[in-house]
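*Asks:* Using the hints provided, position chain S relative to the given structure of chain P.
There are 2 protein chains.
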Amino acid sequence: MRNIKLTIEYDGKRYLGWQRLGDSEKTIQGKIESVITQMTTEKIEIIGSGRTDAGTHALGQVANFKTNSEMSLNDMLSFFNRYLPSDIVVKKVEEMPERFHARYNVKGKQYSYYVWNNPIPTAFERYHSFYFPQKLDIAKMNEACEKLEGTHDFIGFSALKKSKKSTTRTIDAITIEQEGNMLHFTFVGNGFLHKMVRILMGTILEIGAGKLPVTIIDEVLEQKVREAAGETAPAQGLFLDEVYY
Amino acid sequence: MRNIKLTIEYDGKRYLGWQRLGDSEKTIQGKIESVITQMTTEKIEIIGSGRTDAGTHALGQVANFKTNSEMSLNDMLSFFNRYLPSDIVVKKVEEMPERFHARYNVKGKQYSYYVWNNPIPTAFERYHSFYFPQKLDIAKMNEACEKLEGTHDFIGFSALKKSKKSTTRTIDAITIEQEGNMLHFTFVGNGFLHKMVRILMGTILEIGAGKLPVTIIDEVLEQKVREAAGETAPAQGLFLDEVYY
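If you're matching them up, the sequences are chains P and S in order.
For what it's worth, our numbering labels the leading residue of the first sequence as 1, then goes sequentially.
For what it's worth, our numbering labels the leading residue of the second sequence as 1, then goes sequentially.
Read the hints as simulated data drawn from the structure, not as lab findings.
No false leads were mixed into what you were given.
Any copy, or any two copies together, can satisfy a pair, since identical chains are not distinguished.
Capping the alpha-carbon separation at 25 Å, the derived lysine-lysine pairs in DSS-like fashion look like this: (1) K135 <-> K91; (2) K135 <-> K92; (3) K13 <-> K26; (4) K140 <-> K211; (5) K195 <-> K140; (6) K107 <-> K164; (7) K66 <-> K26; (8) K91 <-> K43; (9) K5 <-> K26.
Bound-form chain P, shown alone (with noise of 0.2 Å):
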């Protein structure tokens, strides 16, 4: 059988997130696994390189699947191209060893998140970005940023009660980048818990905004306590940037 590598792009705005639900209709597993079908006659499952939020986006989502089809890439590209809607775009097909799995072959992944920091709101941006008015301090939020950098237990900055696994994971840089009214976060780790980049921006912002110390993030690491941390940033300034492997 081969197994063939997906790289997705979506605009998460009208998805109930990335795994499949009972209604195929709203998640982007389910719309391309229906193309998939459509392509191959096969009933076929995809792997993600992990699940995203409702309203969260993807420049680079990874997947893969195992088929009996012997279309070409190009073809294959084409076909997802043309029967996938708008909002979800296939950018590389590429051929894998047998043993290639999204989800357990991850090494790191990169995370986006923008803000919208301007009294005025924004027409085109307002479903890819926070709206966030009030006046944010760079240089703390920075130093929130740099606490956060390096191997710690991330119980406490994600959406877990207990978990069996470990929660301990390595942040290797979070920065922040000033483009016009637009404040570009990007984290970019060995990996990430559930909400757990959401949880770390609420945290900063309110940081940012004074409302919350910067020692909150030690706190927060020492203590494992999720009501301690900031709220949880909305999905729709979120983006998946990048799957490395």
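*Replies:* Just chain S now, kept in the frame of chain P:
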């Protein structure tokens, strides 16, 4: 009476264009006028710098209206952005001398047109650009743009059949910038006829794709025949960037 100038950004996707029609719910002008009525309890007609077509966007449309309201400019700004739908944003509210007229006083305009020039489509910019996957010869398109610059009778590049008013306009500059897979065309001039930028764009793209020779520009300018020019490029790629007074 006070004379108020508005600078307006809008995502034109959901609208029938700028100009109010019977059904005020589907035009930008209609939306803004109904918020002004809410705000001032006056029934007011606003004057736009000019119309924009259904589906066309604006970063800096300008309009003015007269009112007896004593509301501060800041309160007006907040009121607009609170009650307008999220795809229409008032960016600036200014007090003007009585004689200021948003249409009569226009000295020039800048438009942008975005072309997604890649075999793979874009999930995010699909409503804010024209997906044109064919290879384009940028040098040829630049040649066409140079021929268009200057003062000409542009009636052949417009949707007008005949006109009692002059159809001579001056284009100061047309530039092409490559931003990744996006081609960004900018048009600056003292005025543009109905659908002129979209017909110019359609023609420039057909020249770039090798379907029309560069000399078609001279022909249309001399013979003033719409039929000789290229197709009208879709409204969704067009942005009114700025109006000069």
